[in-house]
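Please model the complete structure; the sequences and the hints are all you need to start from.
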Amino acid sequence: MACRLCEVGCKVEHSEHKHVIKSFKREKPVARLLVEESGPLSFATQCRHCDEPACMFGCITGAITKDPETGIVNLNAEKCIGCWTCILMCPYGSITRTNGARPTAAKCDMCPGREVPACVEACPNRALVLMEDEEPAVALEDAA
Amino acid sequence: MALACFKLPEFLVERDYDKCINCRVCERQCGWEVHSYDEEVDKMFADTEKCVGCQRCAVMCPTGALVISPHPGRYREHGNWTQEHLRDAIRQSETGGVVLAGSGNDKDYPVYWDKLLLNASQVTNPSIDPLREPMELRTYLGAKPESIEVRDGKLVSQLPPQVQVETPILFSALSYGAISFQAQEALARAAAELGILYNTGEGGLHHDLYRYRGNTIVQVASGRFGVDPDYLNAARIVEIKIGQGAKPGIGGHLPGEKVVGEVSVTRMIPAGTDAISPAPQHDIYSIEDLSMLIYALKEATNYQKPVSVKIAAVHNVAAIATGMVRAGADIIALDGFRGGTGAAPKIIRDNVGIPIEFALAAVDTRLRQEGIRNRASIIAGGGFRNSADVIKAIALGADAVYIGTAALVAMGCTLCQKCYTGICNWGITTQNPYLAKRLNPEIATERLVNLVTGWSHEIKEMLGGLGVNSIESLRGNRLHLRGIGLTHGELETLGVRMVGQ
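Residue numbers (our numbering), protein chains in the order written: chain L, 1 to 144; chain F, 1 to 501.
If you are wondering where the hints come from, they were derived from the structure by calculation, not from laboratory data. Accuracy of the hints is not assured; some may be wrong.
Okay, the calculated beta carbon distance ranges per label pair [claimed, not checked]: (1) L/Leu88 / F/Phe6: 28 to 36 angstroms; (2) L/Glu69 / F/Lys50: 49 to 57 angstroms; (3) L/Tyr92 / F/Gly97: 47 to 55 angstroms; (4) F/Ile276 / L/Lys25: 49 to 57 angstroms; (5) F/Glu39 / L/Gly93: 17 to 25 angstroms; (6) F/Thr95 / L/Glu16: 51 to 59 angstroms; (7) F/His253 / L/Met131: 53 to 61 angstroms; (8) F/Tyr140 / L/Met131: 38 to 46 angstroms; (9) L/Glu16 / F/Glu39: 23 to 31 angstroms.
A short, non-exhaustive set of chain L residues, derived as facing chain F with CB atoms under 7 angstroms [unchecked claim]: (10) Ala2; (11) Val8; (12) His17; (13) Val20.
The beta carbon of each residue, even a glycine, is placed where N, CA and C say it ideally should be.
Written out as C-alpha cells, the structure reads:
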C-alpha cells in the first residue's frame with residue numbers, strides 16, 4: 001500500500017544505532033529496498049539473490065559473493081571501492097549507494113542474525129512475506 | 001465575498017518533532033491530505049482542519065510522533081447549543097445541504113444492555129464448565145412447525161428450510177459499493193470459516209464471492225440491485241430489506257462516482273449512474289403486498305430457502321412484525337436505532353427509530369402472545385458491542401444477532417463516521433483502489449474470525465454460569481435477566497424483573 005514502512009525498517013536495521021529515531025536523526029541511513037509505484041500498484045523491489053548474479057560477475061574487486069549454503073548474495077563493503085559497476089549490472093535496480101565519507105554499494109543482505117528480515121517485519125499489511133526455497137543448494141547446482 | 005464564519009477544526013494534529021523522522025508515512029497514509037512534507041525546511045506539516053480523527057497516521061507512525069485529539073479550541077460552552085449543534089448549523093448555513101453521517105447513532109441515548117444484568121448459578125443449581133463439558137452455540141434459523149413427528153428415533157415430519165449456524169452471531173448487511181470488495185471478501189471468508197453467515201446488503205453478489213454461497217444471505221431491497229435467479233439461488237437466506245435502523249423510512253443513495261467497474265457490473269446498473277434505493281419498496285404498500293413478494297421469492301428459490309424480512313425498529317414494531325410473520329416471513333430481522341450505515345442524513349440517524357432492546361422484547365412478546373413465535377426466527381441488530389450484549393439479546397428472545405459495526409471495527413474501523421465520503425483510510429468504505437488495497441482480506445478475515453471466536457468463548461462461559469448448556473435453552477428466558485435503574489414501564493416492556501426480585 002506504498003506506506004514505505006519496509007524502507008524505514010530496512011534503514012534502521014542497516015544503521016549504526018539501530019534505533020528508529022536516533023538512526024534517522026544522527027545518520028543518513030539508506031534503504032536497501034525500494035518501493036516502486038505505478039498508479040495504485042506498488043511493490044517493494046529488493047535483491048532477488050539471483051542464481052547467476054550479474055552484479056557479482058561485474059564486480060572488479062570480488063566484493064560480491066554468493067553464499068553456496070544459503071544462496072544469499074552478499075556485498076563486502078570493506079572490499080567495495082565504489083565503482084558502481086554492480087549498480088549498472090543489476091537488472092532489477094536493487095543496489096544502492098551509502099552516504100558518508102566513503103560511499104560504497106549497498107544491497108539486501110537478508111538481515112543476518114534476524115529470523116525475519118526487517119522489511120518483512122515492518123510491513124503492516126503482509127505484502128512482504130518471507131518464503132524460503134526448500135533446497136537452495138539444489139537450485140544453485142541446477143543453475144550452475 | 002461571503003461572510004467569513006469561524007469554523008473550528010474538530011481535531012488537533014500534534015507532532016513531536018523530536019520524534020518525527022520525516023519518513024512521510026503519515027503523508028502517504030492520509031487520504032484526507034492532512035500531512036505534507038516541505039523540502040525547503042525539511043519538515044512535516046499538518047493541515048489540522050482536514051483531519052477527521054481516524055487515527056490511521058498515529059497508528060502507522062513508526063516513531064509514535066503523532067497524537068490526534070479533539071481540538072481544544074472550542075466555541076463558548078453552552079448547555080443547549082453543543083459544539084456539534086453549532087458546527088452543523090454553520091456548515092448548513094454555508095451549503096444549504098443536509099448534514100450526512102456514517103456509522104450509527106452516536107448520541108447519548110440510554111443503552112439498555114448496560115441496564116440488564118445476567119444471573120449465575122449458586123448452590124442450588126450447578127454451573128457448568130464449558131472447557132470440560134459440552135456447550136452448544138449452534139442454532140437453526142427458519143420457521144419451525146407446530147409439532148414434529150418422530151418415528152424410530154428419526155424425524156418424519158417435513159421441516160421448513162432450516163439454516164444451521166455454529167454461533168448465533170452473523171455479519172449484517174454491508175453492500176459491495178458501500179464497502180470495498182476486499183472488505184466484503186473478508187466477511188465472506190470469515191463467515192465460511194466460522195460456519196455463520198454474511199449478508200450482501202443490497203449491492204448484488206460479486207461473481208468471485210459465489211464460492212461462499214453456503215454462507216451468504218442475499219438482500220432484495222427497494223433498488224433491486226443485482227437481483228436475478230442466480231443471485232437468489234446462491235444464498236442460504238433471502239432477505240427483503242424494508243428498512244435500516246440507522247435511517248428508518250428513507251432509502252439509500254450510492255453516488256455515481258462509487259458505481260465504477262465491478263460495482264456497476266455487480267449492481268447490474270450502468271457505470272457512473274447513481275444507485276438510488278427508493279424509500280419504500282414500490283411494490284409493497286401493505287402486508288398483502290409483502291406476502292406477494294415473499295412468496296415470489298420462495299417460488300423463485302423453489303421453497304428451499306427461508307425468506308427474511310428486515311425492518312428498522314420503530315414505534316409499532318410488534319404489530320408490524322406479526323403482520324410480517326403472517327405474510328410468510330421465516331425470519332424477522334430487527335435493526336435498532338444504533339445500527340450503522342454507510343451514509344444517512346445525520347438528523348435521521350440521530351432522531352428516528354427506537355432501541356433494539358425494546359423492539360426485540362416487544363416483538364418476541366407479541367409473537368408469543370399470538371402463538372406464532374415458532375413461525376419465524378428473530379435476528380436482532382443495531383449496536384451490539386460485545387458478547388454480553390449478544391447473550392442478553394438471546395435471553396430477550398433473539399435467535400441470533402447481526403453485527404455490522406463490530407465487524408468493521410475488527411477490520412480496522414475507528415468510527416470516524418466519514419463512510420459517506422468514499423474516503424476511508426482503513427480501506428473499508430471506499431472504492432478508491434489506492435485506499436482499498438490497504439485492507440488485506442487475509443488479515444481482515446483472521447481478525448473477524450478472532451472476534452467472533454472470542455465472543456463465542458465468552459458466551460459459553462456466561463451460559464455455563466447460568467447453568468445451561470446450549471444457547472437454545474437460554475432463548476427468550478428473561479428470568480435470566482434483571483433490570484437495574486429502570487422504571488416500571490421499562491421493566492414491563494422488556495419483560496424483565498428488577499434486580500433483587
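Self-check item: Structure versus earlier hints - violations, ascending order
Solution: 1, 7 and 12
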